[in-house]
Each structure stands twice: as C-alpha cells, then as structure tokens.
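**Q** If you want the building blocks of each chain, they are given just below.
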Amino acid sequence: MKKTVLFLTLALVIGANVHAQNEKYTKAMEGAIATVKFMTPTPELQQAAGQFERIANAETAEWLPAYWAAYTYVLLSFKETDAAKKDALLDKAAAFYQNVAQKQPDNDETMVLAAQLATARLAVDPENRWQQYVPEFEAALGKAKAKNAENPRIYALQGQSLFYTPEQYGGGKTVACPLLKQAAEKFATFKPASTIHPSWGVETNQYLLSQCGK
Amino acid sequence: MKQPLLCCCALFFSSFVWAQTTITGKITDRRGNGLAGANVFIAGSYDGANTDTTGAFSFQTSQPDTATIAVSFVGYEPLQQKLRLTQSVILFTAKLQETATMLNTVVITAGAFEASDEKRQTVLKPLDIVTTASGGADIPAVMQLLPGAQRVGDQTGLFVRGGSASETRTIIDGLVVQNPFTSGGPDVSQRSRFSPFLFKGTAFSTGGYSAQYGQALSSVLSLNTKDRAEDNDGISVGFNAAGISLSAFKKERMTFSVNYTNLNPLFNVLKQNINWIHAPESGGTSIILTQPIGKRGLLKHYTDVSASYQSLSFRNFTGDFRASPFTVRNHNALSMTTFQTTWDEGRWGLQSGLSYNYNRDRLGIDTVQARTQEQRMQGRVVLTRSLSDKVSLLAGAELHRYTYQNRYGIWGGSLTDWYSAVFVETEVFFTRKLAVRAGLRGERTSVIDRANIAPRLSMAYKTDSYGQVSLAAGQFYQTPDQTYLLTNPTLRFEQANHLILNYQRIRDNRTFRVETFYKDYRHLVRENTNGFYDPNTYRFPTSRTSNSGFGYAQGFDVFWRDKQSMKNVDYWVSYSFLDTKRLFRNYPVEAMPTFAATHTLNLVFKKYIPALGINTGATYSLASGRSYYNPGSDQFLGDKTRPYSSLGLNMSYIRILPRKFLVLYASVENVLGTKNNYGYRYTPDGSQKFAVVPPFYRFFFVGAVLSLTRKPIDPELISNP
Chain G
38 MKKTVLFLTL ALVIGANVHA QNEKYTKAME GAIATVKFMT PTPELQQAAG QFERIANAET
98 AEWLPAYWAA YTYVLLSFKE TDAAKKDALL DKAAAFYQNV AQKQPDNDET MVLAAQLATA
158 RLAVDPENRW QQYVPEFEAA LGKAKAKNAE NPRIYALQGQ SLFYTPEQYG GGKTVACPLL
218 KQAAEKFATF KPASTIHPSW GVETNQYLLS QCGK
Chain L
124 MKQPLLCCCA LFFSSFVWAQ TTITGKITDR RGNGLAGANV FIAGSYDGAN TDTTGAFSFQ
184 TSQPDTATIA VSFVGYEPLQ QKLRLTQSVI LFTAKLQETA TMLNTVVITA GAFEASDEKR
244 QTVLKPLDIV TTASGGADIP AVMQLLPGAQ RVGDQTGLFV RGGSASETRT IIDGLVVQNP
304 FTSGGPDVSQ RSRFSPFLFK GTAFSTGGYS AQYGQALSSV LSLNTKDRAE DNDGISVGFN
364 AAGISLSAFK KERMTFSVNY TNLNPLFNVL KQNINWIHAP ESGGTSIILT QPIGKRGLLK
424 HYTDVSASYQ SLSFRNFTGD FRASPFTVRN HNALSMTTFQ TTWDEGRWGL QSGLSYNYNR
484 DRLGIDTVQA RTQEQRMQGR VVLTRSLSDK VSLLAGAELH RYTYQNRYGI WGGSLTDWYS
544 AVFVETEVFF TRKLAVRAGL RGERTSVIDR ANIAPRLSMA YKTDSYGQVS LAAGQFYQTP
604 DQTYLLTNPT LRFEQANHLI LNYQRIRDNR TFRVETFYKD YRHLVRENTN GFYDPNTYRF
664 PTSRTSNSGF GYAQGFDVFW RDKQSMKNVD YWVSYSFLDT KRLFRNYPVE AMPTFAATHT
724 LNLVFKKYIP ALGINTGATY SLASGRSYYN PGSDQFLGDK TRPYSSLGLN MSYIRILPRK
784 FLVLYASVEN VLGTKNNYGY RYTPDGSQKF AVVPPFYRFF FVGAVLSLTR KPIDPELISN
844 P
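Chains G and L, in that order, are what the protein sequence lines are.
Convert by adding 37 to the 1-based position in the first sequence; the result is the number in this note's numbering.
Convert by adding 123 to the 1-based position in the second sequence; the result is the number in this note's numbering.
What the hints contain is simulated information worked out from the structure, not anything from laboratory work.
It cannot be assumed that every hint is accurate.
Beta-carbon label-pair distances, calculated as ranges [what the hints assert, rightly or not]:
hint: 1; chain 1: L; residue 1: Gln204; chain 2: G; residue 2: Glu240; range: 38 to 48 angstroms
hint: 2; chain 1: L; residue 1: Ile576; chain 2: G; residue 2: Asp143; range: 53 to 63 angstroms
hint: 3; chain 1: G; residue 1: Ser231; chain 2: L; residue 2: Gly167; range: 17 to 27 angstroms
hint: 4; chain 1: G; residue 1: Gln169; chain 2: L; residue 2: Arg633; range: 21 to 31 angstroms
hint: 5; chain 1: L; residue 1: Ala789; chain 2: G; residue 2: Gln169; range: 27 to 37 angstroms
hint: 6; chain 1: G; residue 1: Thr118; chain 2: L; residue 2: Leu412; range: 41 to 51 angstroms
hint: 7; chain 1: L; residue 1: Gln143; chain 2: G; residue 2: Glu60; range: 11 to 21 angstroms
Heads up, the beta-carbon is just placed ideally off N, CA and C, and yes, glycines get one too.
Bound-form chain G, shown alone (with noise of 0.2 angstroms):
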C-alpha cells in the first residue's frame, strides 16, 4: 500500500511537473510570438528574438523556436539600414534555418523560410545579388508549392516581391495584387496548426492589398 501511494504520488507530481513543463513552452513562445510584427521597434524584436533563442536552446527537440527565430532576425534585417549589418543579421538567420532544415526538411514552412531568407539577401545589394537570390526565391517557393499549395504565405511573399518590382521588368499592381488576393483567401480559411506554428504574413498581405484599389 505504502508503495502504491509512493508510486501514484511520484506519477501525479511527475505528471504535473510535464505539463507545467509544456504549458512553459507554450506560453514562452506565444508572449514572444505576439510581438513578431514589421512595425515593432527594433528593441522590441530584438527582445523576441533573444527569448526563441533562449527556447530554442532549452528545447532542442522543438523546430518552432528556431523557426521563429529565423523569421525574427529576418524581420530584424528589413529594419537594418547598414549593409554589413544586414548581411551580419541574415548570417544569424540562416543558422537558426539551418536547424529548421534539418528537423523539418519536408515541411512546406521551411521552405517558404528558405523563400524569405534569399529575398533578405537579395534586398540588401538587388543590383548585384539577383543572379543567385532571385533563383533560390523562385525555386523554394515552388517546392512549397508542390507541398502544400494551401499555403497563403507562398502567394503573399511572391505577390510582395512583385508589388515592389517595378513595371518594366514584369513586376507592378497589376501582376502583383491578383496574388495578394489569393493570399487573402487562403489566408481566410488558414488554420495554424498550433498558437505557436507559423502564422505570419496577414496585416502585411492586407495592407499591399489595400494598396491595389490606389
């Protein structure tokens, strides 16, 4: 009997402790997650990005902290103005997508990840990066495309990249804002698989969106 209450005892606590455990992550990663915006001062995101460090190094099991990492130092490089620094940022970047990679090579985030990382890259010197960056964007973007085509994120990062691209070299509203469209509505019935898996990309797609009717 004594040995029974030990054991049931030591189960419950255990128990407990995992979920307060889980509950932890979750919330960690939510309270960061929720400052994850292109208009949040640079601090700010800097403070996001040093906590998915933080959890990503505590939970070596988990892909989202690094994912969101990623994504942060990425944000982090648009804000930038010096050049080096960028590239300082997006160096960063890669290696928490590296980890991504590894864990989730088959996820079509990872690869709408990779999408974003190379139109970083090619913003911070377009002129002379666009020979190998503007390859790497179309070619991550298509893999994702064949993985899961629901994803609003592809259609919104390729709408993006076209709105900024002038006319005559095939961008421009016209081409642009039928893809920012059909972001929004995958973006209306998109459901993220948790509070915590990669759910970015509506406020920017609405805003270019309201841009169209200009």
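Starting from the known structure of chain G, fit chain L onto it as the hints suggest.
**A** Same frame as chain G, but now just chain L:
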C-alpha cells in the same frame, strides 16, 4: 508515511521553490563599450534577458548550484562560461570579441582594384563594366577610367603608370592570355576579345601584385569566369549597328555563341577620319562548358575561335609619304580547361588549368608583307592551405611552351621558349587589423637561358572601422620583347621595382582612395641606333641591342566614388598624376614616353530612372597632352599635343516579360565633337606632318539584345521588400 512525504517535498521543491538567483551585470565590446541587445541566458533554460542600451542586464534564475551562462550577439563571437550560483545576487560581466568579417578585417589593397560579387568591400561591381559610358562594355576600356591607367587612344592595350602596353598581362582563371586584344591597323586602339558577361570577377592591379603573377613589369588584369552558365535553357539574339550575335544556353551547363560584325555599312553613314578600303569585318564562335565534379569540384572549359579582316589607306613612313594600303588579317584561337576543388572543409584548395593560345596576323604594309604567328601552351597548378584563420599558404607552378615566328619583308626569324615558374606565398593576420602577405617567385626561361627570383611583400593596417593603410613592394621581371630575342638571345630580363603606399576608406556606399607609387625600371632593352630615331612602330629592329635602358615612374592617384548621396545616382572621380621618363627601345635619350600623360582625370556618372526603367550615364575624360616625335625639334619627344577631352553618353532600357528579356542601348562617344589629336607623323626630312587623330570625332552606336527562355524569367531584377 514519513518517507513518501519527504519524497514529495523534495520533488515539490525541486521544481518550484528553489531559491531564485539574480544575475546582473554588463556586456561590452573589447574596449568596454556597452553592447545593446545582446542575449544573456542560462544555457538549457528559458532564463535570460537582452541587454539594455548601456549593455546592462539583470534576470532571475532558479537553476541549482552551477549553471552555464551563455552570451550571444550578432556580429560577435558567442561566449559560454560556468557559473556557481551560490549567492542570491551574482555579478557577471563579459567582453565579447568581434566576429571576423569583411568589414572589420583588414584587406590588402595596395595597387589593386577589384570588381566582384563575392567580396563586399570592392570598389567596382561586375555590372559597372556594362553600364559605364565611354566604356563600350569592354573590360580594359572601363579599367582606363580608374586611376593609374592612361588614356592612349592611338595604341592598343592597357598602359599603366608609365608602363608600355606589353608590360600588362591579361590572365583568365590564372592562365595567361597571349593576345587579349583584337588585331587592327595603325593609330587605332583595339577592343579586348572578351565579353564582360563571361566573367564574375575582375581584378586590376596597377602594381605590387602577388607572387602568383609574373612576366609583367607594370600591371596585371586578372579575370575570373563564371562558375555556371545561365539559369535557364534559352537563346539570346543581339543586334547592333555593326553586327549580330546569337547565343544558346543549356541550363547551368553550356553557353554556345556565334557572332558576326561588319562595320562597313555603319562607316558608310558615319563620318570617319580613316579612309577605309575595307572596314573591320570579323566573325567568331565560342563555347563554355561547366561541370561540377563531386561536391566541391568544378571543371570548366572555354574555347573561342575568331577571324578578322580590315584594310585601310595609310600614310606610311617611307620617303614619298603617299597613302598606301594597310591590310590586317587575323586568326585567333584560345582554348582553356580549368579544374578547381577544395577538401578537408576548405582547408585545402586546388586550382589547375591547361590552355592553348594561337594567334596569326598577316599584315600588308604597302608593298611589304609581314606575318607573325604565336602559340602558347601552358599548364598551371596552385595549392592553397589554410593553417588557421590567421595563417594561409599558397604554392604553385607554371610551365609554358611559347613559339614565335615573325617575317617582315626580307627579315624574320623564329624562336621557341620554355618558361617555367614556381611560387610560394603566405598571408598572415597578426591581428584583425594587421595583415602581411609575403611571396617569392622563381622563373626560368630557356630562350635567354636565365633565371630570376622575385620577392614580393605587401601589408595592410586597419586604422579604424572604415579606413586602412596598405603598403606593397616587390621585384618584377619580364622576358624582353620577342622581336629583340630573334636577333639577340643573350639579353637578360627587364626589371621593375615597385613601391606603393595606399590609404582607403570605404563607408557604406562611399569610397575614398589615395595611392602614391614609385617604380624603378632597370635593364630595359635598348637599340644602338647611333642617335637615329625611326618612329615606325611596325619596323623590324635590326640594330645591336643591350640591356642598358632604364627609367622611372612616380606619382599619385585619387579616387572617390559615391553611390549614396543622391538617390539612384552613382558617380566616381579619378585623378592620376604621373611623372615618368625612360630610355628604352630606340629612344636616343631619356624622355617621357609617348604613351604617358602627366594629368588624367575621369568623371563617371550613372543615373537610374525607375519610372522609365532607363539607365543613363555620362563619362568625361580629360588628359594633359602627350609627347610626340618631331624630327625638327631640338629636344627628343619635347613636343606635346593639346589636352585630350571627351564626353561620352549612354542609355539603356531593360524590359522583362515572361519568357522574354529585352535590352535596348544607345551610346554616343565624344558628344561635343572635340577635335582630339594624338600627335603628328612627319616625313623623314621633317618637311611635312600629318596629324594622328581618332578614327572618328563623334560616334553613335545602337543595339538590342533579346533573350527567349524556356522557363519564365523571374521579373524580380530589382525589388525593395
């Protein structure tokens, strides 16, 4: 019940009630300046914080006794340290080391200009070659707009800091190109044979270069071919005012091109200063193959075959000075195969190559028939080894077989030379601010049966985040010109010693560079002509020759480039001051050579107009007068031409459609129609003179390129997410 309770308590405490420890402190760089935004945390836990604007941080952790504290920050080496959590408040401070990057590590730059994608700190980008007005999409022509090079419109080649064209070597993927320029008639500077689109990187050295290169007294133009062909299957058709070209691509593997140029129709329309009997007509074909081998190996092959013909009416150097035909027929072939690889995680590297060059010129100069034929076979191997991130070693060897045949009327001869070289070089970073590169090159050439050993040294010191000082010095040897060797195989190497001091500052998109140099020429070949000077550059030297010539060149350059101050505008200014004199060839006394100008100024301006999708550019060049030979003058080469000036404009329009890519371009040379003059040619008695002038005072050129591909071309050439 006592035991379980105890157990329970222990477990309970383990997860919830462990005494909290506060860790507080500051993260700084090496100099003690606080770093904002660094991530400080206990490895394996969520406990941590980012530093504030002063570099300070504070957080709590419930980890038991010892923990590993980790610090990470973009641009700095990560740090980990064991920490004993024995007190309730623990002070932790750390100094982070900057990560070695292009930006904070010194680069040896004395004497070198690079255009490359791979390095961030370069002065030029590959695209500059095709978007610079007056550059004519020709690599050497764009290099002429950089400080150090002279603008010599009536002679072919790159003239660097008082050096003649033969003192510059053109190298592709480490292999010497025997005849990089097309063959042409007198008084017209020729284009290089190579399309700028073949190359991913260009390095133009105006002196003090690495022990990897030899047989160049003044300068090395080193070109690196692209590692893969276009990303698409497709074809590309180019039309311009003078010809057509056609290319076919097989994705990442092959590019095949044919081209045909005929300037006769254009020259019938445009007013020319040259009286053409047959304007230049040429045709050629080339193929590039790339094949990855294994994970890191790359095999490349490049073959180019071409032929050209032109004939013009020329006032020769003979007594009656009448106009007579001058005809040039050229055949040229270049074939090269290179293999490169790395292993042991990049610590070892191998670059190797084999090539064959063939060039034949048949000249008809009035009634004299001349013919030169050159062949060069070469092999080259270079091994690199990085011993640490601070020390790297390089060693290599070259072997060439060169044959030369020359016939000029009744004179002539032939020679064969076996040339071999070995070289070693080491680059050491004593700190991230101080780098030294030391090298040694040994050469042997059979035709004069001599050997040399040439030491090279360069170093650079970073003065602050953006600026650095470089110094380069070395000895450079060159085998005398082939025509001299036909009559005198006992000549020795010609020699130049370089000393270069450079300061460069690159911040964001602004570059400032100033360089001063001294070049000492020794043992230059001199003809004993008993004071008689024959200005005919095509003459066959028959006088006695010796290595008694000498000379010097000294001066400074200034370069400023700014892509930042004005939106969509990029401009650069380059100025060179040159003081040089030499006694060589058939010069009777020491003099400033005809290919040197004291002052050279270039202003290059580019603007992109996004609304129209148009790139425009303008280039203004100004050079002080060059000396020319006047038989009636008291002083040899004492006469100077008027200053040279030219304003060139260009414009290009790019339109990308799915599966199509269209480029339209137009350019005007010397818009103002300035009557430039390169000197005079006199009759032997000095009684009559004729001006040597450019082939045209004003020149227009238009063209278009249309590419069709199987896969849609990505439109994202320029995007600003």
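**Q** Which numbered conditions among the earlier hints are violated in the structure presented, ordered from lowest to highest?
**A** Violated hints: none; all satisfied.
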